[in-house]
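Based on the hints, put chain B in the right spot on chain A.
Protein chains: 2
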Amino acid sequence: MLKRFLVPEKDQVLVTEAAARSATQSIFEKMGMSEEDAVIATDVLITSDLRGCESHGVSNMLRNYVAMYQADRMNPRPEVKTLRETPVSATWDADTGLGIQVGPKAMKLAIEKAETTGIGAVAIQNCGHVGMLAYYPLMALQHDMIGICMVSAGGRLQVPVFGSETVFGTHPIAWGAPADKQPPFVFDVATTQVAANKLMLTRRIGSQLEPGWITDLEGNPIMDPVDSPNYGGFYMLPFGGTRENGGHKGYGFATIVDIMSGILSGNGPGFLAGDNKHSQFVMAIKIDLFLDAVDFKSDMDKLLERLSTMKPAAGHERVYYAGLIEHEETIKRKRDGIPYHREVVEWFNTAAGELELNFSLP
Amino acid sequence: MLKRFLVPEKDQVLVTEAAARSATQSIFEKMGMSEEDAVIATDVLITSDLRGCESHGVSNMLRNYVAMYQADRMNPRPEVKTLRETPVSATWDADTGLGIQVGPKAMKLAIEKAETTGIGAVAIQNCGHVGMLAYYPLMALQHDMIGICMVSAGGRLQVPVFGSETVFGTHPIAWGAPADKQPPFVFDVATTQVAANKLMLTRRIGSQLEPGWITDLEGNPIMDPVDSPNYGGFYMLPFGGTRENGGHKGYGFATIVDIMSGILSGNGPGFLAGDNKHSQFVMAIKIDLFLDAVDFKSDMDKLLERLSTMKPAAGHERVYYAGLIEHEETIKRKRDGIPYHREVVEWFNTAAGELELNFSLP
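As they're listed, the protein sequences go chains A and B.
According to our numbering, the first sequence is numbered sequentially starting from 1.
According to our numbering, the second sequence is numbered sequentially starting from 1.
Pulled out of the complex, with its shape left as it was, chain A reads as follows (with noise of 0.2 Å):
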């Protein structure tokens, strides 16, 4: 994650991740969770903000959810009917469950199908948010697997290149394979030139947005470094941003994401399926069924190391992959707790009032 968006230290309190959990867990149950989802939605948003996520993490989205609920446009107990299944596939119909409280079951058959056949795959449609995409991928590669994750998040923030009107949302992508001795290999993007949520975090800490980043509600990209405008003042481009400089790539990225999660789970193109019905589209590839996960990890440590030690050009200090900064971010996160912004803090207490929860952070 780049510098801006990251808490300023002056602004930070450190939380424990167990009592983070703890406080979190039990606002998805007051909110009217069974015990087991809980379990798993909190560990999605946990796991973010370990992996210094902070974008989808407890910061910018359990007050959403909380006021998702209370407005009633989020079912709590979602009866999840699988439409069709195979022995590599199912589609799901998420019952406007979250995406946080579905996702991570999905994910798990995904794995059983492919412990059997090899190759399992799950669509969902009619989800809510599914969080962190990271973490679907991370699932299978405690299985030496693959795992593959997209999610179709609406159709009215991203425009097409050379487009005036939206028909996407940040529609992420994320991959991710083990490796033996080196942290995974754990990729994850917003198919837009950077998340709608980094957006909203940097009207928090006060930074401002790059060239290119945004355009306007025309379609005409905004080139000056400007404040982030509020959901409904601005448009997202496809990464790369001017075809020149490769915008229809992250535009063709978006539109896998709009087919294989919108189209495939049966929601529909993000543009027609509203706002609030995202679908999510997950994957898992068994490793041996091409070569032997050992001589597989091998190859992924020799891979990973040689970018990793690698030179770095005049004026950077060191080469990341995917996944590495994360995994380094984890280990001390997990040891030191995790750094919040003291509003963020507030907001947790203040919630434990009004919702009559017993516990005070940090």
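If you are wondering where the hints come from, they were derived from the structure by calculation, not from laboratory data.
Fair warning: there could be bad hints in the mix.
For chains that are exact copies, the list does not tell them apart, and a pair is met inside one copy or across any two.
DSS-like, lysine-lysine: derived pairs with alpha carbons at most 27 Å apart [unchecked claim]:
| # | residue 1 | residue 2 |
| --- | --- | --- |
| 1 | Lys334 | Lys105 |
| 2 | Lys311 | Lys10 |
| 3 | Lys332 | Lys81 |
| 4 | Lys30 | Lys332 |
| 5 | Lys277 | Lys332 |
| 6 | Lys311 | Lys277 |
| 7 | Lys297 | Lys334 |
| 8 | Lys302 | Lys81 |
| 9 | Lys10 | Lys105 |
Then chain B, alone, in the frame of chain A:
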């Protein structure tokens, strides 16, 4: 394709599809390929030319292939070995055959497996040039399947973000899905800013490179428009370019390709496999695993029509989606002929003389 890559009108010679196929096939057969394989390899090249993807058609590639056969660096009669096989997968050793000769057979097998199990994937090690990647998903979508292809093309071209040394080739990805009335979505991109073949095309055509497409040999981005250096005189940046502009996304997808084709096939990471030892991954996913193909294709029409009929942003004529121009170009070129550079036609006719073949273009 950007206009800079097109053959200038004054240098164009129109050749019919049939004449181009026949000349190409006879050259492959002269190089020692079986008739069956020559038909397959020819179809990959001519399909590229018909789609307007000249960088991967006969112009750039055929003389390279001939040179490799004459230097005994490619095996025209490979004995492809199956290293591992399951109902959903296979791992192949291509025995130094051309990718355009072996790859279509691998996708055919993936499609056959997907007809039975729902998903089929083949990983190929030890092959030569794989050609235009769009070819492979195009095969799958004829069967109401989604098709995916990735290729690890060595390790001596692409530097990681912040890096100073090459680790990847251009490492392309293709993804395709069928529609009903609309031309299909067929996405095919290098994970570098531009395909290496296209840099070479600019040399013949006399156009320049954009800022941020390549780096010097220490990994420093070249930010002025320049004539393309020849192979060995530059490194390439991942798509996106700088970190702020999303270069880490191109870098991440390049890593995925190295893993899915290089490591998963047993070919090893591209930087260890060597430049002449490519690897390929193909996958076919049967749509009716998840929903009826007719519903999927109807939703595809809605999405693709929304994209292609949208009001363009100021300064643009039209909004495209991946595969749309190529579809229109194919119709045109099948009718009018393929506009080859006169130099290419001269090469064909010279080759006919040298190889004692009985054709003369156009």
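Quick rundown of the hints versus the structure:
no.: 1; hint: Lys334 to Lys105; verdict: within (25 Å within a copy, 49 Å between copies)
no.: 2; hint: Lys311 to Lys10; verdict: neither (34 Å within a copy, 47 Å between copies)
no.: 3; hint: Lys332 to Lys81; verdict: neither (40 Å within a copy, 47 Å between copies)
no.: 4; hint: Lys30 to Lys332; verdict: neither (30 Å within a copy, 63 Å between copies)
no.: 5; hint: Lys277 to Lys332; verdict: neither (36 Å within a copy, 41 Å between copies)
no.: 6; hint: Lys311 to Lys277; verdict: between (46 Å within a copy, 26 Å between copies)
no.: 7; hint: Lys297 to Lys334; verdict: within (26 Å within a copy, 47 Å between copies)
no.: 8; hint: Lys302 to Lys81; verdict: between (43 Å within a copy, 26 Å between copies)
no.: 9; hint: Lys10 to Lys105; verdict: neither (39 Å within a copy, 61 Å between copies)
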